[in-house]
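Q: Take a look at the letters that make up each chain.
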Amino acid sequence: MSRMKNVLSLLMLLVAAPCYVFSQTSGAIVTRIPSSFTAEDQVKIIVDVSNVPNLAGKEPLYIWTWNPGDPAPGNGSWDNSNEGRKMVKEGPNKWSWTFTPTQYYGKTPAEITQISFLVKAKNGNGDLKTDDIHLPVAPLVYVPTAFRTFPKVVGQGEAITFFLDQSLATDITTQRMNPTGATISLFSDAGAQVDAAKNVTLTNLGPGVYSGAFFPSKLFNIPAGVTIGKMRVVFKGKIKDANGNDVDAESAFEYGFDPLK
Amino acid sequence: MTQIRSTLLTILAASAMLLSCKPESVKDYEPVTTGGVESIAGTWTGTSVLQRDRDAERKNFPYKTQDITNLLEFNKVKLTLVANGGQPTTFTVDHGTAPQIFRLTSGTWKVDNTEKVGTISLINAGDTIKLTLGSYSLLASNKMLLKQSKTLLGVEVINYEFNFSK
Chain A
1 MSRMKNVLSL
11 LMLLVAAPCY
21 VFSQTSGAIV
31 TRIPSSFTAE
41 DQVKIIVDVS
51 NVPNLAGKEP
61 LYIWTWNPGD
71 PAPGNGSWDN
81 SNEGRKMVKE
91 GPNKWSWTFT
101 PTQYYGKTPA
111 EITQISFLVK
121 AKNGNGDLKT
131 DDIHLPVAPL
141 VYVPTAFRTF
151 PKVVGQGEAI
161 TFFLDQSLAT
171 DITTQRMNPT
181 GATISLFSDA
191 GAQVDAAKNV
201 TLTNLGPGVY
211 SGAFFPSKLF
221 NIPAGVTIGK
231 MRVVFKGKIK
241 DANGNDVDAE
251 SAFEYGFDPL
261 K
Chain B
1001 MTQIRSTLLT
1011 ILAASAMLLS
1021 CKPESVKDYE
1031 PVTTGGVESI
1041 AGTWTGTSVL
1051 QRDRDAERKN
1061 FPYKTQDITN
1071 LLEFNKVKLT
1081 LVANGGQPTT
1091 FTVDHGTAPQ
1101 IFRLTSGTWK
1111 VDNTEKVGTI
1121 SLINAGDTIK
1131 LTLGSYSLLA
1141 SNKMLLKQSK
1151 TLLGVEVINY
1161 EFNFSK
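Residue numbers (the numbering used here), protein chains in the order written: chain A, 1 to 261; chain B, 1001 to 1166.
Fair warning: there could be bad hints in the mix.
In silico DSSO-like links for lysine-lysine, alpha-carbon gap of 27 Å or less [stated by the list, open to error]:
1. A:Lys94 / B:Lys1059
2. A:Lys198 / A:Lys218
3. A:Lys236 / B:Lys1130
4. B:Lys1143 / B:Lys1064
5. A:Lys261 / B:Lys1064
6. B:Lys1147 / B:Lys1064
7. A:Lys58 / A:Lys86
8. A:Lys218 / B:Lys1059
9. B:Lys1147 / A:Lys261
No lab work stands behind these hints: they were computed from the structure.
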């Protein structure tokens, strides 16, 4: 019986071990400024490692990047990161990295479609690192999308106009629905909803093209000191079901805010 | 004899006309004073706002500008700049029920050059809004253009062009 217990314990340990290792390096919260960037834009990446057990409280921290390539003069070795890769401390467990992708990696914009990196201690032995982090890089040419804003970079102190072009939608509901209005929700940097969702009137600009506009601090009650991280716009309307009857339909889009000055 | 008389009469008339001429007093040159603090002081009412996407302009993307006068209800906005002896003193912004695009509603204001204003700073308790003055020629017709730049990581991404009239 005792032998059976030992076998069970061993099995449980074997099953749990990979989960334990995984959980010790996961949980990084990554913020990009601006929230969307091209290979030629300066970008600031902030990584909060408060919830990464293997890195919380450790300092200084370093970037280890390999995609689209190794930056000159390299990352250093795993147990001794290059000092050039040291991150800037923004606050407790918050570390930033500011760079322009083309200059940092010495690559052309066409070669940079994604950035892959992790954050580690100078000596990364013992898994003192985050999981791999991958960020998309926007193309240099304009790519029309079903949802867009004007201006492209928005903040909580700016006038914001948003647009829906159903001809560019990639799902049937958005393509076929007849929008009658939209609701907007704001979320703080920490992910908490700020104030209740608000209704916004849509203007039909042409076949399948709708717009709405708002000024965040007028439409919402944003408490002092709260930074808005993103908005969620839900277009609401009707769509025909299989029997030709009108039924409610929704199409939602999320869009990041940036801390404009 | 008749011909001589006519000639004499013509000469006499011409002489009389010449003698009647007298020089007018030439007024002193008065330089145009627009662009100084006094020319921008007063109460200005908003007329229009243009929002420019500077990032789109740099990348030559479509959708570079948008008229947001109605969204901001800018016709309700009044900006009062008070000056004393050619020096800026206080300001007030009356947004009415319009969105508070200027964030500040009262305080003091400063300029970079009191004779030829380039930038205006609206200040309240350590918070400053910097505005750039547009063309001086607009001031002569009681109009004013103020521009506000919004930056991200030190790079201008949005520019507002506020038009006012007095």
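Q: Any hints this thing doesn't respect? Which numbers, in order?
A: Those not satisfied are hints 1, 3, 8.
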